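Asker: Sequences listed follow chains A, B, C and D, in order. Residue numbering for the first sequence is 124 to 377, as defined by the numbering used here. Residue numbering for the second sequence is 124 to 377, as defined by the numbering used here. Residue numbering for the third sequence is 124 to 377, as defined by the numbering used here. Residue numbering for the fourth sequence is 124 to 377, as defined by the numbering used here.
Please note that the accuracy of each hint is not assured.
DSS-like mimics (lysine-lysine), calculated; alpha carbons at most 30 Å apart, straight line [unchecked claim]:
| hint | chain 1 | residue 1 | chain 2 | residue 2 |
| --- | --- | --- | --- | --- |
| 1 | B | Lys179 | B | Lys142 |
| 2 | B | Lys246 | C | Lys246 |
| 3 | D | Lys226 | C | Lys246 |
| 4 | C | Lys327 | C | Lys151 |
| 5 | B | Lys227 | A | Lys226 |
| 6 | C | Lys226 | D | Lys226 |
| 7 | C | Lys278 | D | Lys224 |
| 8 | D | Lys246 | A | Lys246 |
| 9 | A | Lys179 | A | Lys127 |
| 10 | B | Lys142 | D | Lys142 |
| 11 | A | Lys226 | B | Lys246 |
| 12 | A | Lys151 | C | Lys142 |
| 13 | B | Lys224 | A | Lys226 |
| 14 | C | Lys142 | A | Lys142 |
One side of the interface only, derived from the structure: several residues of chain B facing chain C at Cβ under 8 Å [unchecked claim]:
| hint | residue |
| --- | --- |
| 15 | Pro191 |
| 16 | Met194 |
| 17 | Arg199 |
| 18 | Asn200 |
| 19 | Met201 |
| 20 | Ala202 |
| 21 | Val203 |
It should be emphasised that the hints constitute simulated quantities derived from the structure, not laboratory data. Quantities reported herein were computed from a predicted structural model and do not represent experimental measurements. Every residue, glycine too, gets a C-beta built ideally from N, C-alpha and C.
4 protein chains.
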Amino acid sequence: MAAKIDFNCDMGESFGTYKLGFDEEVVKHITSANVACGWHAGDPIWMRHTVQLAEKQGVAVGAHPSFPDLMGFGRRNMAVDPSEAKDYVIYQIGALQAFTKGKKLQHVKPHGAMYNMAANDEKLARAICEAVLEVDPTMILVVLAGTPWVEVAQKMGVRVAKEAFADRALNPDGTLVSRSKPGSVIHDTKEVVARSLQMVTQGKAKAITGQEIPVRADTLCLHGDTPGAVEMAAALKKELEAAGVKVAPMGTFL
Amino acid sequence: MAAKIDFNCDMGESFGTYKLGFDEEVVKHITSANVACGWHAGDPIWMRHTVQLAEKQGVAVGAHPSFPDLMGFGRRNMAVDPSEAKDYVIYQIGALQAFTKGKKLQHVKPHGAMYNMAANDEKLARAICEAVLEVDPTMILVVLAGTPWVEVAQKMGVRVAKEAFADRALNPDGTLVSRSKPGSVIHDTKEVVARSLQMVTQGKAKAITGQEIPVRADTLCLHGDTPGAVEMAAALKKELEAAGVKVAPMGTFL
Amino acid sequence: MAAKIDFNCDMGESFGTYKLGFDEEVVKHITSANVACGWHAGDPIWMRHTVQLAEKQGVAVGAHPSFPDLMGFGRRNMAVDPSEAKDYVIYQIGALQAFTKGKKLQHVKPHGAMYNMAANDEKLARAICEAVLEVDPTMILVVLAGTPWVEVAQKMGVRVAKEAFADRALNPDGTLVSRSKPGSVIHDTKEVVARSLQMVTQGKAKAITGQEIPVRADTLCLHGDTPGAVEMAAALKKELEAAGVKVAPMGTFL
Amino acid sequence: MAAKIDFNCDMGESFGTYKLGFDEEVVKHITSANVACGWHAGDPIWMRHTVQLAEKQGVAVGAHPSFPDLMGFGRRNMAVDPSEAKDYVIYQIGALQAFTKGKKLQHVKPHGAMYNMAANDEKLARAICEAVLEVDPTMILVVLAGTPWVEVAQKMGVRVAKEAFADRALNPDGTLVSRSKPGSVIHDTKEVVARSLQMVTQGKAKAITGQEIPVRADTLCLHGDTPGAVEMAAALKKELEAAGVKVAPMGTFL
Chain A
124 MAAKIDFNCD MGESFGTYKL GFDEEVVKHI TSANVACGWH AGDPIWMRHT
174 VQLAEKQGVA VGAHPSFPDL MGFGRRNMAV DPSEAKDYVI YQIGALQAFT
224 KGKKLQHVKP HGAMYNMAAN DEKLARAICE AVLEVDPTMI LVVLAGTPWV
274 EVAQKMGVRV AKEAFADRAL NPDGTLVSRS KPGSVIHDTK EVVARSLQMV
324 TQGKAKAITG QEIPVRADTL CLHGDTPGAV EMAAALKKEL EAAGVKVAPM
374 GTFL
Chain B
124 MAAKIDFNCD MGESFGTYKL GFDEEVVKHI TSANVACGWH AGDPIWMRHT
174 VQLAEKQGVA VGAHPSFPDL MGFGRRNMAV DPSEAKDYVI YQIGALQAFT
224 KGKKLQHVKP HGAMYNMAAN DEKLARAICE AVLEVDPTMI LVVLAGTPWV
274 EVAQKMGVRV AKEAFADRAL NPDGTLVSRS KPGSVIHDTK EVVARSLQMV
324 TQGKAKAITG QEIPVRADTL CLHGDTPGAV EMAAALKKEL EAAGVKVAPM
374 GTFL
Chain C
124 MAAKIDFNCD MGESFGTYKL GFDEEVVKHI TSANVACGWH AGDPIWMRHT
174 VQLAEKQGVA VGAHPSFPDL MGFGRRNMAV DPSEAKDYVI YQIGALQAFT
224 KGKKLQHVKP HGAMYNMAAN DEKLARAICE AVLEVDPTMI LVVLAGTPWV
274 EVAQKMGVRV AKEAFADRAL NPDGTLVSRS KPGSVIHDTK EVVARSLQMV
324 TQGKAKAITG QEIPVRADTL CLHGDTPGAV EMAAALKKEL EAAGVKVAPM
374 GTFL
Chain D
124 MAAKIDFNCD MGESFGTYKL GFDEEVVKHI TSANVACGWH AGDPIWMRHT
174 VQLAEKQGVA VGAHPSFPDL MGFGRRNMAV DPSEAKDYVI YQIGALQAFT
224 KGKKLQHVKP HGAMYNMAAN DEKLARAICE AVLEVDPTMI LVVLAGTPWV
274 EVAQKMGVRV AKEAFADRAL NPDGTLVSRS KPGSVIHDTK EVVARSLQMV
324 TQGKAKAITG QEIPVRADTL CLHGDTPGAV EMAAALKKEL EAAGVKVAPM
374 GTFL
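Turn these sequences into a full structure, and let the hints guide you.
Answerer: Given below as structure tokens:
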């Protein structure tokens, strides 16, 4: 059986007159779109547009909820009470759901600070899982591979997609090397392709220390915010498919 | 067959630490709750709370979407493009829908300036109808009785609930007497009850000029923002039921 | 004595991670910057940045207040009570003023819908004038040449700069030809330069009907939102100076 | 020479149609008002109203800036970059300043989470001090007595008012006992008066452990959010004045 992988990318992060990202290009090379829901980016007009854009390309649609921080693009940690975070996520999932004309959302991937905090804050992690289960228990929750959140979600009965970053260096414990450190982001397309292939076909990757560590990923996080990022997405899809990997929406194989 | 009428009231218009309205009291005397969706009032925490409050009392839940104007409580006309207003309404319906744990919303009633503008702006009226049809064509749209909006909605195939105001004086053409004119708001409970009874059982009301005019209403708009308003709601329900009128959620008889 | 004219341009309309406009380029060719104050665009970080950018180039700084409509970029008419609009303007002027390190703002130019509405709504026009007078009566208010607002402001004792658009066709009564009509916007640089020269040196312009009409302008509105607009600004400045016109901040000659 | 103390209270925390606090009452018993600037509460209309209310009573006016968190009333920690926090504070000070008709603001007291974080985060503390110095170095900054922030501010040349809470229990090191612990808030008016008197006249207070510790306060934080809080403010002023303490705006004696 062929190895399978999903490519997810944040989309719909424009706002009003402000245009952000190369959605029209990157959408051709991904399988799942994380659509901003108006709290860190996006607005109802862009949400409709982005859902249509994804559907036209056969890309599965998911919600990309955030803390309420438009000015900071949802990238700043906020000490939101978990029960309030749960309701924030429910609100945003519902708002996006309404633009699908009766279809179901495939997945939910929290954005920025909410995603990063949940990876290591069990209360927040649980709250987000509860939100997903309450709105629609068939939705998949995208969580960072190798974090306690994975187990929390699985124990609660949430369908989980483990996410890895093809262009980010890893510590020996599987966590991401901090962006503030040299070598944390890998810019060479060939290396990113090679790492992705190894992750997807062998379930492992080379850590920044040189040793090989296990990495089980269901979905790779790609970017669409620069022309270079779009090219990398295109190359990655082409190379993985050439190697016999099936690149498909996570909902088709999880 | 007994005459039937719905009592609707705006609810969930608190926001964060700000408390507004006597929801806990008025909910006992109404049959349909218009729940604020965060754009003129309300937030995810209050939305969950208000949906639960309504459901505990057997009150049907509907969305109360607004223009994006938290500072002005959605009461200020905004020249929003109809296609954008449509997406604003869809967003807010979806956000509230997500708090019903899989149940359907009974209805949608636009708030404040959006409601008033739509009553006489066919493009906006159509846009709101399209929003309802797109999200769920079984939802009822509450529109002001006697306005062109009623016909617009009916022609488009929207389930319509015609709304009347028991405590507002009417012009001979059935429109509301402007709040800026003397006698526009009726404060005497007895008179409000008498007018309501006549509307519900005879389908007519006395206009401010004295002549009787036809008024066909499916739902009466009640208020919960003052203790006096809550008392009037209680009196109205008691008196109408005593007169043999069935006070029930609009969805049960439309 | 040489004819004098000011060139003003909206600036600082980026927001958080969203970048808008070619401020760094257009700032070289203008004399007055209208800096967004966070209500339709801009935020405190961009306000600081934009004030510094203007000051480095010797460009005078003014406030560009708006209705509270970030989602609509302040372009949508809002039925804001004039006394509230006054306070909105005061708030935004003060917020920008605080970034000048003790210097005074040269001017105020309301943005988008607020500017357009005030041109023909005397109550709103007066409210904005009152705001300027209350915060600092030495500030200049930029108003559309040929509108009732000019007289309103002058009668109230406000320092007024009359604004004209070098790239917009005019009706015979001096008002702008609606953007929805063909020929409303002039894209040919040569023609824009010629029109500007005629306005500045002769105080008149050719209306869309062909007849010449009087146009008294203190400041021309330029744009920085496209590379073409920046080039036009550069050409305009070069040609006007070559023709002996002094291009200088409005505060130096009004 | 008589002992002197200032009484400060948060005011102007209403928003649009939402009314919060008993400003009209508490203003009679305090000497400095911390006026909300629209980011956690307040809006331009309430800012004007509150400045007028304070001035009528001879109460000095100061800014009460916050993180951008209207939904959370500014009470949630946010990982805002210090340089951005600086600009947020400058923006809000300026916005309020514009409503004083040319008068200077007496002081700045950050709100909620921003205040609490700054008490123990030197980078944030410095950023807020820089904001005050940049806008107007004669303004007083209110900081929590006994925290590192006091020294940071004093070293930077900021005029500092050390704040104490008459109704909060203290740890032996002078920090506030966490609200989550029993006995953290003192509700008995007599005890609050006695503690205040001891702080003001002897410069010390009894910690929750029983031992006496030094407490040097320039201003006491009072509350106006409940009728009981207003009564306590009234009692406190009456008793301190009866004991010969001069209760006056901090700007008159610092």
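Asker: All the hints need checking, so say for each whether the structure fits it.
Answerer: Quick rundown of the hints versus the structure:
no.: 1; hint: B:Lys179 - B:Lys142; result: holds, 20 Å
no.: 2; hint: B:Lys246 - C:Lys246; result: holds, 28 Å
no.: 3; hint: D:Lys226 - C:Lys246; result: holds, 27 Å
no.: 4; hint: C:Lys327 - C:Lys151; result: holds, 27 Å
no.: 5; hint: B:Lys227 - A:Lys226; result: holds, 15 Å
no.: 6; hint: C:Lys226 - D:Lys226; result: holds, 16 Å
no.: 7; hint: C:Lys278 - D:Lys224; result: holds, 21 Å
no.: 8; hint: D:Lys246 - A:Lys246; result: holds, 28 Å
no.: 9; hint: A:Lys179 - A:Lys127; result: holds, 22 Å
no.: 10; hint: B:Lys142 - D:Lys142; result: holds, 8 Å
no.: 11; hint: A:Lys226 - B:Lys246; result: holds, 27 Å
no.: 12; hint: A:Lys151 - C:Lys142; result: holds, 25 Å
no.: 13; hint: B:Lys224 - A:Lys226; result: holds, 17 Å
no.: 14; hint: C:Lys142 - A:Lys142; result: holds, 8 Å
no.: 15; hint: Pro191; result: holds, 5 Å
no.: 16; hint: Met194; result: holds, 5 Å
no.: 17; hint: Arg199; result: holds, 5 Å
no.: 18; hint: Asn200; result: holds, 4 Å
no.: 19; hint: Met201; result: holds, 5 Å
no.: 20; hint: Ala202; result: holds, 4 Å
no.: 21; hint: Val203; result: holds, 6 Å
Of the numbered hints given earlier, the model fails none.
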